[in-house]
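Trainee: Sequence:
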Amino acid sequence: MIKLDRFSEPYNATGGLAAVGVLNQLGRPDIEPLEVLVREAVQNCWDAKRDDVNRIQVEIGRSVLGEEQVRTLRDTILVDPPPGLGLDEALEEGTQLLYVADFGTQGLGGPTRADRPGAPRDFVDFIRNIGQPPDKDFGGGSFGYGKAAFYIASSAHTIVVDTLCVLDDGRYERRLLGCALGDNFNIDGSPYTGRHWWGRVLDGVPEPLTGAEADAVAAELGLPHRSGKDGMGTTVLVVSPGIGLQTTEGADCSMQFIADAVVWNFWPRMIDTAGGAKRSIEFRLFDNGAVVRVPDARTHPRLRGFVEAMDRMHQDSGPDDDFMIDRPIKCLSPVRKLGRLTIQKGALAPADLPDRPVPRGAWDTRESLHHVALMRTPEIVVKYLPGAAPLAGKMGYSGVFKCDLDVDDAFKAAEPPTHDDWVHRFVQDPHHRTFVNVAYKRILGICRNAAGFESSVPSPDPSEGVPLGEFADALAVLMPGSDGPGARRSVRTPNQPKRKRRRRAPGRTDIEVATSDVWVDGPDPAQNGVGTTGGDAAVSSVGRTRASAPPQARPGGEPGPAMGADGAPVMRYPFDLRTRGHRVRLLAEVEIMINDGQKPEKDPPAGYVPPRVVRWIDPAGLAHKTVEVLTGPEGGDGRWAVEIELHDEMMRVDVTPQVT
59 MIKLDRFSEP YNATGGLAAV GVLNQLGRPD IEPLEVLVRE AVQNCWDAKR DDVNRIQVEI
119 GRSVLGEEQV RTLRDTILVD PPPGLGLDEA LEEGTQLLYV ADFGTQGLGG PTRADRPGAP
179 RDFVDFIRNI GQPPDKDFGG GSFGYGKAAF YIASSAHTIV VDTLCVLDDG RYERRLLGCA
239 LGDNFNIDGS PYTGRHWWGR VLDGVPEPLT GAEADAVAAE LGLPHRSGKD GMGTTVLVVS
299 PGIGLQTTEG ADCSMQFIAD AVVWNFWPRM IDTAGGAKRS IEFRLFDNGA VVRVPDARTH
359 PRLRGFVEAM DRMHQDSGPD DDFMIDRPIK CLSPVRKLGR LTIQKGALAP ADLPDRPVPR
419 GAWDTRESLH HVALMRTPEI VVKYLPGAAP LAGKMGYSGV FKCDLDVDDA FKAAEPPTHD
479 DWVHRFVQDP HHRTFVNVAY KRILGICRNA AGFESSVPSP DPSEGVPLGE FADALAVLMP
539 GSDGPGARRS VRTPNQPKRK RRRRAPGRTD IEVATSDVWV DGPDPAQNGV GTTGGDAAVS
599 SVGRTRASAP PQARPGGEPG PAMGADGAPV MRYPFDLRTR GHRVRLLAEV EIMINDGQKP
659 EKDPPAGYVP PRVVRWIDPA GLAHKTVEVL TGPEGGDGRW AVEIELHDEM MRVDVTPQVT
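Position one of the sequence shown corresponds to residue 59 (our numbering), numbered consecutively onward.
Any given hint might turn out to be false.
What the hints assert, rightly or not - Computed cross-link-like contacts, EDC-like style, restricted to lysine to aspartate or glutamate with a CA-CA straight-line distance of at most 20 angstroms:
no., residue 1, residue 2
1, Lys395, Asp487
2, Lys287, Asp109
3, Lys61, Glu265
4, Lys388, Asp374
5, Lys452, Asp380
6, Lys441, Glu425
7, Lys395, Asp384
8, Lys287, Asp110
9, Lys395, Asp374
10, Lys395, Asp467
11, Lys660, Asp695
Worth flagging that the hints you see were computed from the coordinates, not collected in a lab.
Kindly generate the complete structure, drawing on both the sequences and the hints.
Mentor: This is the structure:
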């Protein structure tokens, strides 16, 4: 019987990267860890696609091990569990294995040691190196951080990698190696990084099993069969996955969630489009040998609008009509085409979410569908960007924005390690940063058209900076005590009445959109006598008492119409709150905006009753039918919403987080 060797990496004289550093590379994304695994794993598969194939196959399977299989895994494969890993506790009867396998891909070829020359370097980049830049143009991932998702998914942070690649002489070679990331530790005074491998230790280096030995161990683990060119690719086995999900009744629903995550994130690669593009990823899912159905995006009640927008994306551009918007997205300074936006408008189907966790895209669109699927050249969904909510409650729109090939690097640089957003502040190149920022603004502006809003609010020139006064006024959405206009450039408004009341649904100006990710402090607790008790306060070098940090708030997205608890229409204004350890009172002041939303109305008509606060909705989804609400310090941080009576006038809501 084949028995593997375990090798634990010691620190060398010049130091090294602790295993925990690898586990922290993806940060703490605000989505289910199982969805992070699916996104990162399949992006790795796509980036490994061979040039001689048009379609890759991705197989995801789960199995439960019996007593004999666990004994084999413990005694012959993942032998001698090291300290600081938790592998010994994870290997018991009932242990699950979860694998992701790809076919039609390169496999992990090249040298097996990082200190040896040769190309490609797929094996050492995946197994040995950390943070290696990608060598594939226009790939879905970057810097190899995605492999951390496999380790994070395992309760023991342990995986087994099985790959079939082609060598320089044309021979096929199967390679299999166990890998783990644990806590660093000491043995007899010698420190170890917490990185471990199981294979064959040759010349002090853990090498993979190859050939017949690799075939035998892969068969023991129940991994997909591989041989010849059609078998090229890689399988990553997650040992004892610790990211399973359950329904509200406690039943396991992990594989159903994976099926949903696959279609919500990769549907552009799973469809044949009217423009002639063919599906390029085929998924197969198995749960203990039983086939798991993957939803069809083209008939999916929430995704089919995106599919129709993608159909148009793969055709020549055409004029807008009642149901389709088709626009190029351009930057004027510097002049560059940024991409193309297509939006399909239509009746809104009910969400009908199941009683179990769902992918972020399904959750974000649960109440209304007014979103744009953002994607780069690989045509993998980055995120579903919410636009303005439609004025007609039973209507919606689904859009697709794909960046142009020439600016793909700019949008790639804007992605965090999890590739689930575009954040222009991440981009170092100033022109590239402008491209990402302008694209967002243009997309949101066209979404307002799709929602039925007027487009008369002037858009600032993208080459111009934001005037300080306009920036300050935009922050007043969340700032208390912001009376009077700020310093601003003069704006000519010929033939415009001095005071004009605009009957228009609420919305945000371009300036507010540009500053929407800025956190704004509430009133200083020290000014209210909060947090400055004599014994605890610190005194600065200039003699002033330094109080605890005030709570903060920022806009949480586009306001939109909704149905109140009593069935009456309301406007829902989302915002994010940081209590910063305080007990906080939330207040909302409603202002009517005039002159196309340029300033608040100071003198309302006699007898006019302004819209009132109907209720607050906290991050847990609980409603508070009060004018003010108390929260924190526990349970107050996160996404809130305040609902205001729906009037015809354009409104602005000032939310104040006040320390009690």
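Trainee: It remains to establish, for every hint, whether it holds in the given structure.
Mentor: So, going through the hints one by one against the coordinates:
1. Lys395 x Asp487: Holds: Lys395 and Asp487 sit about 17 angstroms apart, inside 20 angstroms.
2. Lys287 x Asp109: holds, 13 angstroms
3. Lys61 x Glu265: Holds - the C-alpha atoms of Glu265 and Lys61 are around 14 angstroms apart, at most 20 angstroms.
4. Lys388 x Asp374: With a Cα-Cα distance of about 17 angstroms, the restraint between Lys388 and Asp374 holds, given a limit of 20 angstroms.
5. Lys452 x Asp380: holds, 16 angstroms
6. Lys441 x Glu425: Distance ~17 angstroms between Lys441 and Glu425 Cα, so the pair holds.
7. Lys395 x Asp384: Holds - the C-alpha atoms of Asp384 and Lys395 are around 14 angstroms apart, at most 20 angstroms.
8. Lys287 x Asp110: Status holds; Cα separation ~11 angstroms.
9. Lys395 x Asp374: Within the cut-off at roughly 16 angstroms; holds.
10. Lys395 x Asp467: Holds, at about 14 angstroms.
11. Lys660 x Asp695: Cα-Cα ~33 angstroms, so violated.
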